Each structure stands twice: as C-alpha cells, then as structure tokens.
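Visitor: Here's the letter readout for the chains.
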Amino acid sequence: MVVTTGLTKRFGARTAVDAVELAVPAGSCFGFLGPNGAGKTTMIRLLLGLARPTAGRVLLRGVDVQQEPTRALARVGAIVEEPRFHAHLTGVENLRVHAPLIGGDAVARVPYVLDLVGLGERGDDTVKGYSMGMRQRLGVARAMLGDPELLVLDEPTNGLDASGMADFRVFIRRLVEEEGRTVFLSSHLLDEMEKLCDAVAIVEEGRVVRQSSMTALLDEGGRALLVQCDDAARAVAVLEGAPGLTIAAALAPADGIVRVEGDHSPAAVAGLNRRLVEAGIGVHGLRLDAQTLERRFLELTGVPRVPRREAAP
Amino acid sequence: MRALVAADLLKLRRRRGLFWSALGLPILVGVLLIVLALSGVADIDGGAVFYEDLSFVLYILGSILVVLVGARLGSEEHAAGTLRYQLLTGISRTRLYTAKMLATLVAVAMVLLAGLVPALIGALVLSDGGGPGLTGEVVADNSWNVALPLVVSALIAFGVGALTRATGPAITVALFLNFLGVNLVLLLALIDDSLRHIALNLGIDRLTYDEVDADDRLGFAAALIVVTAWPAAFLAAGWARLKRLEA
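One line per chain: the protein sequences are B and L, in this order. The first sequence maps to residues 1 to 313 in my numbering. The second sequence maps to residues 314 to 560 in my numbering.
Keep in mind that the hints were calculated from the coordinates and are not lab data. The structure presented is a predicted model; accordingly, all values stated were derived computationally and were not measured. Do not take every clue at face value.
[As the list claims (entries may be wrong)] Between beta-carbon pairs, the in silico distance windows are:
| hint | chain 1 | residue 1 | chain 2 | residue 2 | range |
| --- | --- | --- | --- | --- | --- |
| 1 | B | ASP147 | L | VAL344 | 48 to 54 Å |
| 2 | L | PHE492 | B | ASP125 | 52 to 58 Å |
| 3 | L | ARG329 | B | PHE11 | 40 to 46 Å |
| 4 | B | ALA23 | L | LEU426 | 35 to 41 Å |
Glycine included, each C-beta is placed from N, C-alpha and C at the ideal position.
Please put together the full structure from these sequences, using the hints given.
Guide: Here it is as structure tokens:
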C-alpha cells in the first residue's frame, strides 16, 4: 500500500529523512514510532506529497505521489501534525467546504463520518468551541470523507481522554479488520501502538532502524523471569552457575527482584525455585515478564535503560 | 470548479463582520442618500448625478472592502493551516488557486451589485430632479469606472495574500499598495521620467475617467497593458509561491 525507496529529505546540511525503505502491507495497522525530532512528521509529509524528497520516491497504492499526486492521493485520508480547521465555521461546514476538493459522494458522507467519530450531536457548533479531543475527532472525520483505503494519522490520540483513546482503538481496529483499510499511525504513545498495530517501523534520526511485524519484534526481545526474593544479591550468586540460565540483571535489588533470561519452561522454573529455596533464600514470587514495545523501542533507539547486572556481586 | 468557488464564498459569508461590511455598507450608503435626497436634505441634481455621485462613494468604500476580501481569500488557507489538508486531496494547486481567484471576483461583483443596485434605484426615483436624466450610457460608464479599479485592487490584494500567507500583513500591504503604491512607482521616475507611465493609476484613469493631463496620458493599448500587468504580476507571484510551497 505504501512503498518508499531511498527516500531522503535534507534541509541544508541536516538530513531529516535518510534513505528510508518502507513497505506498509495493505489491510494492516502500521505504527511509525520514533522519539521527538526523529523525522516522523517530515516522513509523513513526504509520503503524502506535501514535501518534495531530495532523493528517492514514494508509491501510494502503486502510484508515484510526486508524479501523479491526484491519482496517488485518491482515497487517502490524513491528519498531519494537528488537525486544523476554519474556527469560525461549524464542524459540518468545515467538512462541507472540504468535500468538493475530494469530489464523488464526499458531501453526502458528511453526516455519516460525523456520526462515525461521535460528533453527530455537535456538528452544528463552531469549531472554535471544540476541545482538542473534538478537533482530533473532526480531523479523523475529514480524513474519512473520501472513503479512504489508506488512512495516515500523525499523533491521532493527542487530546483524547482515556475513554476517547479506547474508542479510537476500537475504531481503528474495525477499519482494519472489518473494512480492510490500511492505517498508518505515528505516535509516541508506545503502549497504545502495541495494542493497535500489526507492524511497526522504528525511526531514529531520520533512519528506520527496525521494521517488522509487532509479534516478531516483541519475540526477538526475548522474555525474562522475574524472581522476587528476600536476598537478591545472594540469589544472583546462587543462580549464576545454574545450567541453561542467564542472570540478566538484578532489576531492583532493594526490592529483591532478579531478572533471569533463558529457559522458562515449567520444569526450569521449578528447578530454579528449588535451587533458591535449598540455598535458604525465601522466594516471594515468580512471574514471566513479557517483552513490551516500549522496552524494545528503547533498546533499538539506544536510549539507556536499567543498567545490566548492576547488583551483581 | 463551481463547488470550490461556492465553498470559498461560504467561508467568506460566515465571517459575519466582513460579509455584512462588504455588502451592508454600500447598501446602507445608497439607501441613506436616497432618503436624504427624497427628504430634500441633500441637493441631488437629477438621476444621472445621483448615480455618478453614489458610484464614486462606492469606489472609495469599495477600494477598502475589496482589499479586505481579496487579501483574506488569498491568505486564508495558509493562515488557518488548512492548505495542507486541501493539498493532500491531490487537487492541482493551479485549480485551487484559480478557484480562490474566481471567488474573489464573485465577491467583488457582489460588492458592486450591493452598491450599484441601490444607486440605480435611487437614480430612477430621482430622475425628475431637474438635472440630466439617467441614461444607459451614464449607468454603463459610471459602473465601469467603479468596477475596473475595484477588480484590479481585489486581484492585487489576493496575490499579496497568497504571497504573505498571513491575513493581517496581507491586508496592511495591500491597503498600502492600493493607496500609496503609486508613490513607490513615482520613485522610479527619478531614474527615468518615462517610467512614471507604468503607474497603475494612470492606466486605470485612461480606461475610465480619462481625465489626466496630456503629458501623462497613455495610449489605450499601453493603458490596457499597465492595468493588466500589475494584477497579473501579483497573481503570478502568489501562484508561484503556492506552486513551490512545501506544506
């Protein structure tokens, strides 16, 4: 659905997007993740033909966005950075003045898309009275006006409260699973992305450092067993020589938590527990620590995390 | 294209202050003059004079109103941050620009109608006032004398709006050019005296009232070129700005 080859954007000496190769499969929810200033919005502007690349090309639905913008952007809806509107117009009017640019039955879809985002009742209020969350919803409504195959949403959950975010998650998953649309999301809310996305690309300083399905990304990081005991330092010493186990870190020595990587089969966990108990160490808890997108993100972008083996004797 | 123009006019119509100023003021002035004339407070010497006077009032008033409208239509999408959303529909930038320019012309036509229709009604009512009566030629001449400068001012303001991309500065610059721009051109006459002939007001005068001194009088073709070239230059600059813009 979206393919980029060697996509590069330079602003003077600064390279904002550096030879990005991206392939977003059709019918998926794709997360584009990166720290602030990593080049996410510039990348989205390039994808949508709003900015011209210094090198490389973007294909949307198989069409070059720079060569044939009208054909490439037909049935593409987007929010870039923040949804902006004519504040003196109502929600309905904002959509009605946008609809002729899209053509087709866009005008007729105005009430439908407003209902879709839960703004049916407030459509006749002027946008200057809308909260940030309502503007986000109206932005999604505008993006949906053209019945898009591809929806590109830059930080779409900004301004949404917890319930709004949950609604948004359901909404996006429905677009993908029931309607077969492709959703390209950029966000810094990694927890939300983990719940929503089928695949992700992690970007840092304009380069895509990892692109993968969500499952593969999380699996690559491995899982750890968290052992909570009454003497973490002695537990590390006891377990270090154990065959098939790696003591990755004593996460919080003061709380007696030891992180153990390696074989986490029931037999291995029972053996580990027995070893600690036989050494006279009280074990309070054993639990599998699932890999999270946030942890993988921090690993891949090189942001420091809890130092490894900080409490090892 | 018609739907795009209608959408731009809707945005303008919902700016109630500007909209009612642009349409209401010319109507108000016209009605006021009719009332004053009928009550004998104002001494109006016949329908032709009434139409001439009122179209001149509309010229003065309209010179400001069309600049406000043109500058706003040229800059509005940039200023509101909605241009990006328009462009990502894949619409051609030339088509977008043309639609807004046409909306500007429609808005000018509305201002003219709002001013000239009451003037015409008043002139017909006062046609027996003693002076020369209203003729088709008087109506055509005076309407043209108002319409041409207003259209030119509006298009220049539109181009300035597209160039500056901010409504406030666009209005300021366009008003300055409208009323004092001729002085900037006359500075060029210090280099070569013949350059004073490129001043827009000389071209407009030649094509309307045709009352300037023989020394400053332009030929018809030259006047047509001057009057076309100035708005065309601003429109082209605004269009080039939009074409190059990375939203």
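Visitor: Against each hint, give a clear statement of whether it holds in the structure.
Guide: Going down the list of hints, with the structure as the test:
1. For ASP147 of chain B and VAL344 of chain L, the Cβ-Cβ distance of about 49 Å falls inside the hinted range of 48 to 54 Å, so the restraint holds.
2. The beta-carbon spacing between PHE492 of chain L and ASP125 of chain B, approximately 40 Å, falls outside the hinted interval of 52 to 58 Å.
3. Taking 40 to 46 Å as the suggested C-beta distance range, the pair ARG329 of chain L and PHE11 of chain B conforms, at roughly 41 Å.
4. Judged by the Cβ atoms, the range 35 to 41 Å given for ALA23 of chain B and LEU426 of chain L is violated: they are separated by roughly 57 Å.
Consistency note: the structure conflicts with the earlier hints numbered 2 and 4.
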